[in-house]
Amino acid sequence: MKLELIGITKRFGSLVANDSIDLVVEPGQVHSLLGENGAGKSTLMNVLYGLYDPTEGEILVDDKPVTFKGPGDAMAAGIGMVHQHFMLVPVFTVAENVALGNEATKAGGMLDLQKTRTRIRQISDQYGFDVDPDAVVEDLPVGVQQRVEIIKALVRDAEVLILDEPTAVLTPKETDELLGIMGQLKADGKSIVFISHKLREVKAVSDVITVIRRGKVVGTADPDASTTELASLMVGRSVSLTLDKKPATPGEVTFRVRDLTVQAANGQRVVDGLSFEVAQGEILAIAGVQGNGQTELTEAIMGLQDHVTGSITLGGEELLGRSVKDVIRAGVGFVPEDRSVDGLVGTFSVADNLVLNRYDDDPFARGLSMSPAVIEKNAEEKIAEYDIRTQSASAAAGTLSGGNQQKVVMAREFSRPLELFIASQPTRGVDVGSIEFLHRRIVAERDGGTPVIIVSTELDEVLELADRIAVLYRGRLMGIVPGTASRDVLGLMMAGMAGDEALAQVHDVQGGNL
Amino acid sequence: MSPQDDRPASPATDGDAPLSRREAKEAARQDEVRRENAAETAGGELPPPAVPPTATGLGGGTSPESTLLQRIMTGNALVAFLSVVLSLVLGGLLIAITDEDVARASSYFFSRPQDTLAAAWTAASSAYIALFQGSVFNFQGETFARMIYPLTQTLTVATPLICAGLGVALAFRAGLFNIGAQGQILIGATFAGWVGFTLHLPAGIHLLLVILAGMVGGAIWAGIVGLLKARTGAHEVILTIMFNYIAVNLVLYFLSTPAFQRPGSTNPISPQLDATALYPPLLGAGFRLHWGFVVAVLATFFVAWLLNRSTVGFELRAIGANSSAARTAGINVSKGYILAMAIAGALAGLAGVAQVSGTEKVLTSGVAASFGFDAITVALLGRSTPWGTFAAGILFGAFRAGGVTMQASTGTSIDIVLVVQSLIVLFIAAPPLVRALFRLPAPGASRAGKGGSTTRTPASTGAAA
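If you read the protein sequences in the order shown, they are chains A and B. Once you know that position 481 of the first sequence is 480 in numbering that gives the first Met the number 0, the rest is easy, because the numbers rise by one and skip nothing. Once you know that position 33 of the second sequence is 32 in numbering that gives the first Met the number 0, the rest is easy, because the numbers rise by one and skip nothing.
Keep in mind the hints are simulated off the structure, nothing from the lab. These numbers were taken from a predicted model, which means no experiment stands behind them. Cβ atoms here follow ideal geometry from the backbone N, Cα and C, with glycine treated the same way. None of the hints are false.
Here's a subset of chain B near chain A, in silico, CB distances under 8 Å, partners left out:
#1 308
#2 309
#3 310
#4 311
#5 313
#6 317
#7 320
#8 321
#9 323
#10 324
#11 326
#12 327
#13 328
#14 329
Put together the whole structure using the sequences plus the hints.
See below:
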């Protein structure tokens, strides 16, 4: 099936999210849409999937113009979409989920899941999905859940599959498997629209790359183009992807974690007996697939978790059992992983958010009375220093782009002398241009002699920033390896192999090949 | 062996945390829906005189949007204004339809339609003129004092509405849906009343002590709710509704005890408060308006300062807007809940003082009338801002004061005022309806990004530009 978008424009009020975008997806082709967050990729796909009406332009399927009133129409026309956040009912089985909205029935309106099961097995065998139709979705790993989403589209005879940031939630290994599946689908004549901002994956799998910037197509690129070229096209200026970082000069060890255990409400140990330390002037990156205890670890340090045992000391003082405010006062800077939930109050102004944890300190407040003028002045300074793009200091923080929101959080945390800096997913959902800036600031903080902990699920980021890398798996430390460790080693550790074993195995394989 | 064997198990944990996070958000959303439902239940279950239909209006939609209530409570000023206009127009229609003259004229509508229309116009306009005369300015008054008397009546009725409305608004800004103003007024009035008729103190000190007692009473009553919520996670809507019942019955019980009951009476009524415990009249003995109104104005100034200029207000607003960000920033959310409820209760207690030592001068179980519930509407119409609440309080005071005159002079039932009040809430709770009727542009038309968790897609491009 050939899919063509001609002159698609989508306006929201005065904002132009898509500006006369042309796109042709040939059968049997993987077409990547590359662009920063907020470039308009998702809007375009939502137009294609019938979720938005285009303001202008038309969609052609096999050279015939079509209009989609909703996802139903798009599905009927052979377009399937796998959303970034899965649209699955967790307590239903795979078959039930696949049948949902398209249920086969027997006489008397009885549900006939047998047909669906057969279809699922058929598709699963054809592409090697290894999905059991009777498994309950919530018991399945994320990677398999994603395949269920793909099956959902295939059962409805999708010829064009839209994958919206599909690798964001996967381990490196699962990502490789997904890329393999995409290859098979392509070989089978299906077309795939692959949306991503991860250059490495896009390069690995695409036939054509279309780069979108600020709602416009700024060009197409060859998969052979270098990552730097692609990045520059995406951002609109040349960017340096590699960080200029001096080797660390670790000083005194001031931050120590001993036998830290965090219990979840269900009694499960989400952080299980962690011990590590961080020296002044070094960056310890905590790697791992999302949900292996990283969130709980950082929150335990901040005093945001209950049921924590063990010991956390900073400069010899015990932090465990202290209030969040005390921990902040002790000089711990914290960038939470979900800035819109934990880092910012979206309806508050940028100025207020810049003092969110210092609003009652001199000079921002005298006694009970706050000093708006001082807060305003502080905001003007930080906006200039961190190049925060906002209409004004009084604009609501929620209206800023992801990168600028993150700059607000970082600016706030760096605006006081720190004894320890912790950043969770410091660049998630942040545009390439801002990533560069934020990374430099973090390294600068390290060079200033602060112990730094970075939690990231993105290997690229971990490898770029870390002086040492600790890998968490199911709340346990798989080992701490030098920042120069290879992706393979980290991949094995993220899947649950102890650090030295992983090192040995990768060494063996390489040795064997030589 | 190779780690591949481990595969299916390994990412199983991947699912866990994001799921639980998602669940948390889901729970928050359900919480919101529950909150709305609770408000609806409040409308259905409470005794009719105490509950204006307004509480039902609050339950309006069943949209799963977690911010629905927030949007309603802090909505657009223009929408609020238009809702009032629209409600008055509809109220007028209702008056016309139920009017006897109109009914008579409509029997020959097809031969002389102008009669029906003229009768309808007369019915509606005379009712509203009477309402205006009864609440703002009486043209027929012989002296200037008689002319402005209605306005002073309006302000008198507005006084408890403003105080209690401020309490509801403040609690809401801290993210607490305080339905309990009614109970807080009652308990405040009980404390104040007891000090007023039991202690015999010199003028000045006595009144101050009465005011203080009223505030403390309300603060304790509401503070318990805050404490229970902070400690046990109990929901404030349920708690405050139940505390309203407890308060009513507690006051009834007190009024049957010798400490409270008027000597020689078997009715549940307290002795008259000492003259030293009463708010002095503000404009002389000819008017009912008392110094309680000045206290209400001062309270409005105080709440405006507290919310917008003080560190406490910053904390409360942060908790209300995003409690997890507030917690991460080191703000003590539990303390915030307790404090917000206590201050809200103190303000409602002031309303109780206005009643017991301003207008009623005795304590009965009906001393709070339905002010506690009207206060929710007032805060709603005032978009939870201090001065908006003040203005809405005066408007509702006018409805109440003028409704009496309207009923007396035109025979239009005072219930029509309740209908108008309820319609206002209905329209405020459904901004898209008002916008559609007046063809206003929808705000945030671009509000359709990726699901709202991060920023909107198009906006970020704009801001990054």
